[in-house]
Structure formats: structure tokens, C-alpha cells
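Residue numbers (the working numbering), protein chains in the order written: chain A, 1 to 214; chain B, 215 to 621.
Some hints here could point you the wrong way.
Claimed, not checked - Listed below are the simulated SDA-like cross-link pairs for lysine to any residue, each with C-alpha atoms no more than 25 Å apart in a straight line:
| no. | chain 1 | residue 1 | chain 2 | residue 2 |
| --- | --- | --- | --- | --- |
| 1 | B | K610 | B | T557 |
| 2 | B | K342 | A | I201 |
| 3 | A | K173 | B | W410 |
| 4 | A | K173 | B | V372 |
| 5 | A | K209 | B | G386 |
| 6 | A | K173 | B | D364 |
| 7 | A | K173 | B | W368 |
| 8 | A | K173 | B | P408 |
| 9 | A | K173 | B | A371 |
| 10 | B | K342 | A | E213 |
| 11 | A | K209 | B | G387 |
| 12 | A | K209 | B | T388 |
| 13 | B | K342 | A | R207 |
| 14 | A | K209 | B | M390 |
| 15 | A | K173 | B | D414 |
| 16 | A | K173 | B | E432 |
| 17 | A | K173 | B | A429 |
| 18 | A | K173 | B | D435 |
Claimed, not checked - Stretch-level coverage of chain B by chain A, calculated; a stretch enters the list once three of its residues show a Cβ under 8 Å from a Cβ in chain A:
| no. | stretch |
| --- | --- |
| 19 | 363 to 370 |
| 20 | 406 to 417 |
Source of the hints: derived by calculation from the structure; they are not laboratory data. C-beta atoms are modelled at their ideal positions from N, C-alpha and C, and glycine is treated no differently.
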Amino acid sequence: MGLLSKKDAKLITDPLADNNPITIQVLGICSALAITAELEASIVMSISVLFVMGVGNVVISLMRNIIPSKIRIIAQLIVVATLVIIVDLVLKAFAYELSKTLSVFVGLIITNCIIMGRFEAFALGNGPWRSFLDGIGNAAGYAVILIIVGFFRELLGSGTLLGIPVLGDPIEKTGLYSIGYENNGFMLLSPMALIVVGIIIWVQRTRNKDLVED
Amino acid sequence: MGLKSNLHNLKEKYKGTKMAPAFNAIHTFLYLPNETTHNGTHIKVADDLKRTMNTVIMALVPCLIFGMFNAGYQHYKALGEIEAASGFLSASFWTVDNLIVGLWQVLPLVIVSYGVGLAVEFIFAVIKGHEVEEGYLVTGMLVPLIVPVDTPLWMLAVAVVFGVVIGKEVFGGTGMNILNPALTIRAFLFFAYPTWMSGDKVWVHGAVERDQMIAAGENLDAISGETILGSLAQNRGAGYEVMDMFYGIIPGSVGETSTLLILLAGLFLVFTKIGSWRIMLSSVIGALVMGLIFNAVVSSEWITESSKFYGLMSTEFWHHLLIGGFAFGTVFMATDPVTASQTNKGKWIYGFLVGFISIMIRVFNPAYPEGVMLAILLMNVFAPTIDHYVVQGNVKRRMKRLKVKTA
Numbered sequence: 001m002g003l004l005s006k007k008d009a010k011l012i013t014d015p016l017a018d019n020n021p022i023t024i025q026v027l028g029i030c031s032a033l034a035i036t037a038e039l040e041a042s043i044v045m046s047i048s049v050l051f052v053m054g055v056g057n058v059v060i061s062l063m064r065n066i067i068p069s070k071i072r073i074i075a076q077l078i079v080v081a082t083l084v085i086i087v088d089l090v091l092k093a094f095a096y097e098l099s100k101t102l103s104v105f106v107g108l109i110i111t112n113c114i115i116m117g118r119f120e121a122f123a124l125g126n127g128p129w130r131s132f133l134d135g136i137g138n139a140a141g142y143a144v145i146l147i148i149v150g151f152f153r154e155l156l157g158s159g160t161l162l163g164i165p166v167l168g169d170p171i172e173k174t175g176l177y178s179i180g181y182e183n184n185g186f187m188l189l190s191p192m193a194l195i196v197v198g199i200i201i202w203v204q205r206t207r208n209k210d211l212v213e214d
Numbered sequence: 215m216g217l218k219s220n221l222h223n224l225k226e227k228y229k230g231t232k233m234a235p236a237f238n239a240i241h242t243f244l245y246l247p248n249e250t251t252h253n254g255t256h257i258k259v260a261d262d263l264k265r266t267m268n269t270v271i272m273a274l275v276p277c278l279i280f281g282m283f284n285a286g287y288q289h290y291k292a293l294g295e296i297e298a299a300s301g302f303l304s305a306s307f308w309t310v311d312n313l314i315v316g317l318w319q320v321l322p323l324v325i326v327s328y329g330v331g332l333a334v335e336f337i338f339a340v341i342k343g344h345e346v347e348e349g350y351l352v353t354g355m356l357v358p359l360i361v362p363v364d365t366p367l368w369m370l371a372v373a374v375v376f377g378v379v380i381g382k383e384v385f386g387g388t389g390m391n392i393l394n395p396a397l398t399i400r401a402f403l404f405f406a407y408p409t410w411m412s413g414d415k416v417w418v419h420g421a422v423e424r425d426q427m428i429a430a431g432e433n434l435d436a437i438s439g440e441t442i443l444g445s446l447a448q449n450r451g452a453g454y455e456v457m458d459m460f461y462g463i464i465p466g467s468v469g470e471t472s473t474l475l476i477l478l479a480g481l482f483l484v485f486t487k488i489g490s491w492r493i494m495l496s497s498v499i500g501a502l503v504m505g506l507i508f509n510a511v512v513s514s515e516w517i518t519e520s521s522k523f524y525g526l527m528s529t530e531f532w533h534h535l536l537i538g539g540f541a542f543g544t545v546f547m548a549t550d551p552v553t554a555s556q557t558n559k560g561k562w563i564y565g566f567l568v569g570f571i572s573i574m575i576r577v578f579n580p581a582y583p584e585g586v587m588l589a590i591l592l593m594n595v596f597a598p599t600i601d602h603y604v605v606q607g608n609v610k611r612r613m614k615r616l617k618v619k620t621a
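Produce the complete structure using the sequences and hints provided.
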């Protein structure tokens, strides 16, 4: 047996595919639409959510026996808010340009349904280690979709990846652009993010018919 | 052995296999299917889906042919090689030279549109295991008519794949789509490649190419041709005679310029009972009402000539019917029986709002001069809601009547 027991490993692997927070539970869509026009922003957003969810789940799990259930939402919000402010300040200090791109969406991690959902559904009823794994797993599932969407939107919309031109120069007409290729401006608009997420959902449910709801 | 029996044998041979729908489609495209329903009572009518589609295509052919001549005419006129045409039957319009340019530019659009669209339909039919549906026949003809003449073919192909897959197949294919596929394709092109769908270069064949040659250092004059909506949006006046707008001897997308031919096609569709006259009429009324409101705003001097809306707002309200794609959209797209409202009362509301919103978008958002495209797509989304309330209203009224009688 490795580092994790089979049951614990499932906490991480499940949200990556068959119980993905975005494509199956359909949570956290807003941020997936808003910040995925660039791959870099998607990655930073993913890391931020990974941190907030991993730590947040542990903190809530440790406090689960002392939080009165009537005010648990407020308690949860305070924990997330604290963590999000830490992330926001770190980004402002070390990656100012990026934090401007992400603008309010870092702050809006607080309202990301995935986080509150996992607090409620998992951390309040499980120990810190398992809660940590669950948080990491769900954040990773969120990250996978964000990065796939960000990859396609940046590649087809701007012809770059992580800001580096990969298809040639659209102004100098080199690479693909020399034969008449053009960037697809629609990819940079939010509706296209929704359509890309939709296509991922379509592919996923075609491969695994068990996921299709009636 | 004739072609028919050959095809029939081929069809029998592949019966039950995965590729069967593809062969069946070729067979039924050329000949009527042999299989008919055997049980139950049916009303026999000749206008099946295929006949309906063919009627619309027949109505579109004059627009297509006119569009080809117009493509050549705008090209040579921008180059200064021919005189401006005067009147519909002008000798400088109906020339072989014009037609050749048109054929050379427009036929590839038609071929790509049909080729790619039908390929997608065939693939989906084979994967999903149903018969190929005729749904693309009309869309395939509409698409080349609503794009600028110089649209790169690969862009058209990408847009057609997007429109057919995301606009139609994901909803379950022909008859199940929420949005009009042809307009979905145009909207995709519009948002994805705005430089090829707007401005003063794309409407005249050769203008973009000319610009590239000039940029490369050749000593040529740039040519351009702005649409009337484009120049109105910049407060520069229409620049064309009203009759020219009506005849369609103006720059614009391939087949949408000639209001005269669209009017005739519209009458043809109404007489053959393919298109809904309710939608066409109410949409024209909607546009006129909005136009009158804008005219009233101008005449009561709420806005000044320096306002960026002045050009379009001060346009005579009925000119709005002649310029841009309004007429084409109203006759051929708003009346799409799948995406429009189904109830008669619903059709009036739906059509009125299409016209009303078209002109509103046209005037208030100069970045999207072709408001009719967005208006129809928007109303497509609302059509089921309109129908729902019309039906519910009817149910309520009849329930009341029932109560009165029994009480």
C-alpha cells in the first residue's frame, strides 16, 4: 500500500473525472467563464483555489465540533475570506499584472460554490486529513477544466500560450498567419467559454454513459 | 440497369450496417423513398419536408443570381471601370463580366457551405444511427447569401461546422434546434472574425486584396465600398438613391441587397403557404414603429446633429426596410418554422419584436449594424416562452367559459 489508502485515493481521483465539480456538479462556472481567456490566469486561479480549498477544508474540519450549526455559514465565510485575502495580497505583492487581470475574481473565490459546497458536504463531517485530500481533489478537478478551457481559448483566440506566440506573428504574417489563418475573436468572449465547457461535458458523457442524467 | 436500381442495390447491400444512413440519404435525395407508412389513417399531402425546403430554395435562387451580378458590378464600379447603373434593368449591371466575377466568388461559398454542412450531417447521422435529415438544404443556401463576398472559405467552413454542431445537432438535429442555424453561422463569423464581417473593405470583391498589394508597396489606388448602414452610422448620409436601395444595386452581403427580389420571394412563399405572412407583416410593422419613434425623437429635436445616433435616427422610417439585411432576415429567417413561434398570436408578437428590436440594435449600437441577425436570434430564444403564454392564456380563457356555463 502506498501513501494513501484506496478510500483516500478516491477522494483525489474522483473529482478529477467522474465527479468533477465543474462538469458533473456544475459548480464554480462563473469563474470558469470569466478568467479563462488566458492560460496563465487559469493556472494562477487554479493554484489560488487549490490553496484556499486545501487549507480551508482542514481549518473547518478542525473546528467542526465547536462551530454551532446555526452560524456555521458565517464561520465558513470568515475562514474563506481570510484565506482569499491572503491570496489576494500575495498576488498583489508578487504578480501585480496578473492580479489586475484576475481583478475581482480573486475576491470572488469567496463565493465560489465549490468551496462552500465542500465545507458543507465534507469538511463538517470528516477528519482533517481526509478533508485536506477532498479539498485538494476538488480543487484539482476544478483546475483541470480551467486549464483545458484556458488552453483552447488562448490558443485559438490569441494564438499564444502563456503569452508566448506559438502560431506565428499575426501582424508580420509569419507561421500559420502567412497562409491566411486568423485568430478567432469569439474565443475571447465569455459565451465561448461556456460552449467549450459544454463540449467537455458532451465528450465526458459520451465516454461514460453512467454520467448521463435522465 | 439504371441509376435508380444501382442505388437501390447499394442501399440494400448496406442495410443494417453503420453506414446505412449515408447511402439512404443519397437514394432519397434523388428519388422518393419506397417505404411509406402502412397503417393508420393519414391525410395525404404532397408537401413533405423536402418539398418545403425546395420551395424556399427556389425562392432564394433569384437572390443568388442577382447577388452574383451585384458582386461583379460592385467590383468593377469600385475600380472605376464601368458606369453606375441606373435602374434595375441597367445595361452596365447585367453584363457577362459581372456574372463571371460573381460566379468565381460566390459559387465557392455555396460549394463550401453545402459540402461542409452536409458532411457534418452525414457524420452525425452515421454516429447517431438515424437517417440524414434534409434540414441543411435551406441553411446551406442561406449561408452564402448572408456573408460578405470575400469571406475566406476556411472561415466559412469553420463557422458552418460550429453552426451545425452547436446550433443544431447538440439539440437533436433538424426540427429540434432553438436557434436558426444559418444565423448562428453568421453570428459566429461576426464575433470570431469581425474584420472580415464589417468595415468598408469586405463588401466589395478585391478591396482587401488591393489593400494588401498597396501595403506590399505597389502603386495602386485603394478601393472600398461601405454599406449604407455603415455610412449612416457615421453620420455621412446614405449616399444612394432610394430606388437603388430597393433594386439592391448597393454594397452588402451577397444575396441580401435586393429588396425587390426579396419582396417577390416573400410573396411567393406566402402564396405557397411555406412562409408565415403573420411573421413577415408584423415584423415590418415592428420595424416601422421603431423607425417612427426614432423619427419623432429627431423631429422633436431631442438629439442634435452632432449626436452619433443622428444619422440612423433621422433616416426616413421606411428606408430601414430597404437597407441592410432587414428584408432578407424577415422573409427567410424570422419565418423559419422550427425556431419561430408556433401559435398564430405568438407569431404576431414574435414578428413585431423581431422588427422592433432589429431597428433598435441597428441605431443604438453602430458596432453591430446588422441588428436583424441579433434580433432574430434573441427572439428565437424567446419563441417558446411566447408560445407558452399564448397557450396558457387560451387555456385560462376556456376554463373561465366552462365555469360560466356550468355555474
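Next on the checklist: Please verify whether K173 (chain A) and A371 (chain B) have alpha carbons no more than 25 Å apart.
Outcome noted: Holds. K173 (chain A) to A371 (chain B) sits at ~22 Å (cutoff 25 Å).
Checklist entry - Regarding the pair K173 (chain A) and D435 (chain B), is the alpha-carbon distance no greater than 25 Å? => result holds, 23 Å
Checklist entry - Between K173 (chain A) and D414 (chain B), is the straight-line Cα distance small enough, at 25 Å or below? => result holds, 22 Å
Checklist entry - Going straight from one Cα to the other, do K209 (chain A) and M390 (chain B) come out at no more than 25 Å? => result Since the Cα atoms of K209 (chain A) and M390 (chain B) sit roughly 22 Å apart, the hinted pair holds (cutoff 25 Å).
Checklist entry - Keeping to a limit of 25 Å between CA atoms, is the pair of K173 (chain A) and A429 (chain B) held or broken? => result Cα-Cα ~12 Å, so holds.
Next on the checklist: Can you confirm whether the C-alpha distance between K610 (chain B) and T557 (chain B) stays at or below 25 Å?
Outcome noted: The hint holds at about 16 Å.
Next on the checklist: What's the verdict on K209 (chain A) and G386 (chain B), does the C-alpha distance respect the 25 Å limit or exceed it?
Outcome noted: Roughly 17 Å separates the two Cα atoms, so the pair holds.
Item to check | Coverage claim, chain A over the stretch 406 to 417 of chain B, checked by counting residues with Cβ within 8 Å (three needed) | outcome: holds (count 5)
Checklist entry - Under the criterion that the straight-line Cα-Cα distance not exceed 25 Å, is the pair K209 (chain A), T388 (chain B) satisfied? => result With a Cα-Cα distance of about 24 Å, the restraint between K209 (chain A) and T388 (chain B) holds, given a limit of 25 Å.
Checklist entry - Quick one, are K173 (chain A) and W368 (chain B) close enough, alpha carbons at most 25 Å? => result holds, 17 Å
Checklist entry - Given the hinted pair K173 (chain A) and V372 (chain B), is their alpha-carbon gap at most 25 Å? => result Since the Cα atoms of K173 (chain A) and V372 (chain B) sit roughly 21 Å apart, the hinted pair holds (cutoff 25 Å).
Checklist entry - Is the hinted pair K209 (chain A) and G387 (chain B) satisfied, with a Cα-Cα distance of at most 25 Å? => result holds, 20 Å
In summary, the structure agrees with every hint in the numbered list given earlier.
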